[in-house]
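Participant: The primary structure of each chain is shown beneath.
There are 2 protein chains.
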Amino acid sequence: MDVARGATQLLSSQNVGDLVDSVEAFLFDCDGVIWKGDALIDGVPQTLDMLRSKGKKLVFVTNNSTKSRRQYAKKFHSLGISVNEDEIFCSSFAAAMFLKVNNFPREKKVYVIGEEGILEELELAGFTGLGGPEDGKKTVQLKPNCLFEHEKTVGAVVVGLDQYINYYKLQYGTLCIRENPGCLFIATNRDAVGHMTDLQEWPGAGCMVAAICGSTQKEPIVVGKPSPFLMDFLVQKFQVSCSKMCMVGDRLDTDILFGQNAGCKTLLVLSGVTSQPTLLDPSNNIKPDYYTNKVADILGLLEP
Amino acid sequence: MDVARGATQLLSSQNVGDLVDSVEAFLFDCDGVIWKGDALIDGVPQTLDMLRSKGKKLVFVTNNSTKSRRQYAKKFHSLGISVNEDEIFCSSFAAAMFLKVNNFPREKKVYVIGEEGILEELELAGFTGLGGPEDGKKTVQLKPNCLFEHEKTVGAVVVGLDQYINYYKLQYGTLCIRENPGCLFIATNRDAVGHMTDLQEWPGAGCMVAAICGSTQKEPIVVGKPSPFLMDFLVQKFQVSCSKMCMVGDRLDTDILFGQNAGCKTLLVLSGVTSQPTLLDPSNNIKPDYYTNKVADILGLLEP
Chain A
1258 MDVARGATQL
1268 LSSQNVGDLV
1278 DSVEAFLFDC
1288 DGVIWKGDAL
1298 IDGVPQTLDM
1308 LRSKGKKLVF
1318 VTNNSTKSRR
1328 QYAKKFHSLG
1338 ISVNEDEIFC
1348 SSFAAAMFLK
1358 VNNFPREKKV
1368 YVIGEEGILE
1378 ELELAGFTGL
1388 GGPEDGKKTV
1398 QLKPNCLFEH
1408 EKTVGAVVVG
1418 LDQYINYYKL
1428 QYGTLCIREN
1438 PGCLFIATNR
1448 DAVGHMTDLQ
1458 EWPGAGCMVA
1468 AICGSTQKEP
1478 IVVGKPSPFL
1488 MDFLVQKFQV
1498 SCSKMCMVGD
1508 RLDTDILFGQ
1518 NAGCKTLLVL
1528 SGVTSQPTLL
1538 DPSNNIKPDY
1548 YTNKVADILG
1558 LLEP
Chain B
1258 MDVARGATQL
1268 LSSQNVGDLV
1278 DSVEAFLFDC
1288 DGVIWKGDAL
1298 IDGVPQTLDM
1308 LRSKGKKLVF
1318 VTNNSTKSRR
1328 QYAKKFHSLG
1338 ISVNEDEIFC
1348 SSFAAAMFLK
1358 VNNFPREKKV
1368 YVIGEEGILE
1378 ELELAGFTGL
1388 GGPEDGKKTV
1398 QLKPNCLFEH
1408 EKTVGAVVVG
1418 LDQYINYYKL
1428 QYGTLCIREN
1438 PGCLFIATNR
1448 DAVGHMTDLQ
1458 EWPGAGCMVA
1468 AICGSTQKEP
1478 IVVGKPSPFL
1488 MDFLVQKFQV
1498 SCSKMCMVGD
1508 RLDTDILFGQ
1518 NAGCKTLLVL
1528 SGVTSQPTLL
1538 DPSNNIKPDY
1548 YTNKVADILG
1558 LLEP
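Here the protein sequences come in this chain order: A and B.
Under this note's numbering, the first residue of the first sequence carries the number 1258, and numbering increases by one thereafter.
Under this note's numbering, the first residue of the second sequence carries the number 1258, and numbering increases by one thereafter.
For the record, the hints were derived by calculation from the structure and aren't laboratory data.
Treat the hints with care, as some may be off.
What the hints assert, rightly or not - Restraint ranges, calculated between C-beta atoms of paired labels, are given here:
no., chain 1, residue 1, chain 2, residue 2, range
1, B, Ile-1478, A, Pro-1438, 31 to 39 Å
2, B, Asp-1306, A, Thr-1396, 48 to 56 Å
3, A, Thr-1396, B, Asp-1455, 18 to 26 Å
4, B, Pro-1539, A, Gln-1496, 45 to 53 Å
5, B, Gln-1474, A, Ile-1478, 45 to 53 Å
6, B, Glu-1560, A, Pro-1438, 40 to 48 Å
7, A, Pro-1485, B, Asn-1541, 30 to 38 Å
We treat Cβ as the ideally placed atom computed from N, Cα and C, and that holds for glycine.
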């Protein structure tokens, strides 16, 4: 996939038409691209409407695992954007689909270090999840003769962003991975930090995943970006060749890499975690095809 | 330090006399060597008494950071072993000493992801600690316009085992390391798991340290075993050359490596996390000079 690429171009009124004309489906990351925390980024709805009016397929691909597709659709609607559940590919959904395509036995259980979205997607896919928010209030007793019990039927541990992370969950997940034969260790993603609120960044799933790597000394299977796992679904569902897709995101090491690995066009927006100096620094070797300040520039440059 | 070493020998009545005669100071790990959780391992007091009666210096070097030296001395006494605070080198003490020898400014503060022992050692060394157990009950609000504030005067984050780990502490430590210029990231140790109770292992400091590595994408300064930092203190205090020391421990990658890196003799006991098959497996390249089932074998083999 390491084909020679031209230099990164600033999106402009000269090249935006070619980009939009050559693409059939736009894949958008959400945090830092569509919104920051719960605040919509300026001009997004109008831009999405314009792209839809031109017959473009729109897909939303987010590493945030705290919500299910259903919950994401609700969030979009609450921000005034009409999006179908089928257009949303979140890493909670990816985790459930990974188990499904790998014929994970229905009689086995899945322990979740993460939030509601993962449990909901597991249930929709027909799996039994344990843990998650429910274990957020549990405490441990480091006392003599106290044995911490875990279910031997757990065959996979899914780790995502968990704002209720605690020692109980860390011990539960660690015991399953270390002691249940063949137990899978699945990470929704490894983002170090993310804009969980509009004003600042917070530790991301990469923090919780690393904690379990630290205690188990094992590496996870990653199902979110930049892993190619979700792309297979997209391609199958939308029947668009990757060369006619454009991945729009704010992160070089997840969004842009995800798009490039699949052979998509890529557009970095500077409305999220990546600054222009970081992008253009010689030490950065992940170079998108295009970059611009924000999604709305697509509209602004096309229809000045 | 990678001098050629002979094969690992099982401790026996043939070689135990030479070992004891050639050593002036025995360095003991604690968890899995002296005790498991709160249960003393059989025959330890008698063995320590015998070694003291032969004029050997005894030193206790533990990566467990939850207690201070004072609290460890209390634990030894409660188990019927008389040990002086000065003979105890725990990683909580190591963290405070690291700041001291590096002239960490007194006006700066230290944020602690860890337990009481670290805070106590920091205070004894004249530093101001924040966080620790006190932050174990704090929660975060991922709400719009909520800004998580952190002290800009924090100049070091110390991470150790923390059974009250939560998202508040992870965000606090991450913000200090990412945003306070020059802020140090100090790990008491990186043990994956440890015998926090007698019946089973639990995630160790390596779990919390990895979490902060995951969110900050930085690597810590490690002050506990196998880092050589503590050895400098030992050598200075006890005025014994490393070749006349024997490190006794249950972990290959911390205890035995720590001893070998300094040029000490090493004795692995199988009463903790390492099994004989693991020790003798061809994939293991950390080979102690001697190994035996438990500390009391030194006494049993010397005085059958």
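Participant: Does the beta carbon distance between Pro-1485(A) and Asn-1541(B) stay inside 30 to 38 Å, or does it fall outside?
Facilitator: holds, 36 Å
Participant: Is 31 to 39 Å right for how far apart the beta carbons of Ile-1478(B) and Pro-1438(A) are?
Facilitator: Cβ of Ile-1478(B) to Cβ of Pro-1438(A): about 37 Å, so the range 31 to 39 Å holds.
Participant: Lying within 45 to 53 Å: is that true of the beta-carbon distance Pro-1539(B) to Gln-1496(A)?
Facilitator: Because 52 Å falls inside the window, the suggested range holds.
Participant: Does the Cβ distance between Asp-1306(B) and Thr-1396(A) fall inside 48 to 56 Å?
Facilitator: violated, 39 Å
Participant: Taking the Cβ atom of Glu-1560(B) and the Cβ atom of Pro-1438(A), is their distance within the range 40 to 48 Å?
Facilitator: holds, 44 Å
Participant: Are Gln-1474(B) and Ile-1478(A) spaced within 45 to 53 Å by their CB atoms?
Facilitator: Violated, at about 21 Å.
Participant: Given a hinted range of 18 to 26 Å, is it respected by the beta-carbon distance of Thr-1396(A) and Asp-1455(B)?
Facilitator: holds, 19 Å
This entry does not satisfy hints 2, 5, going by the numbered hints stated previously.
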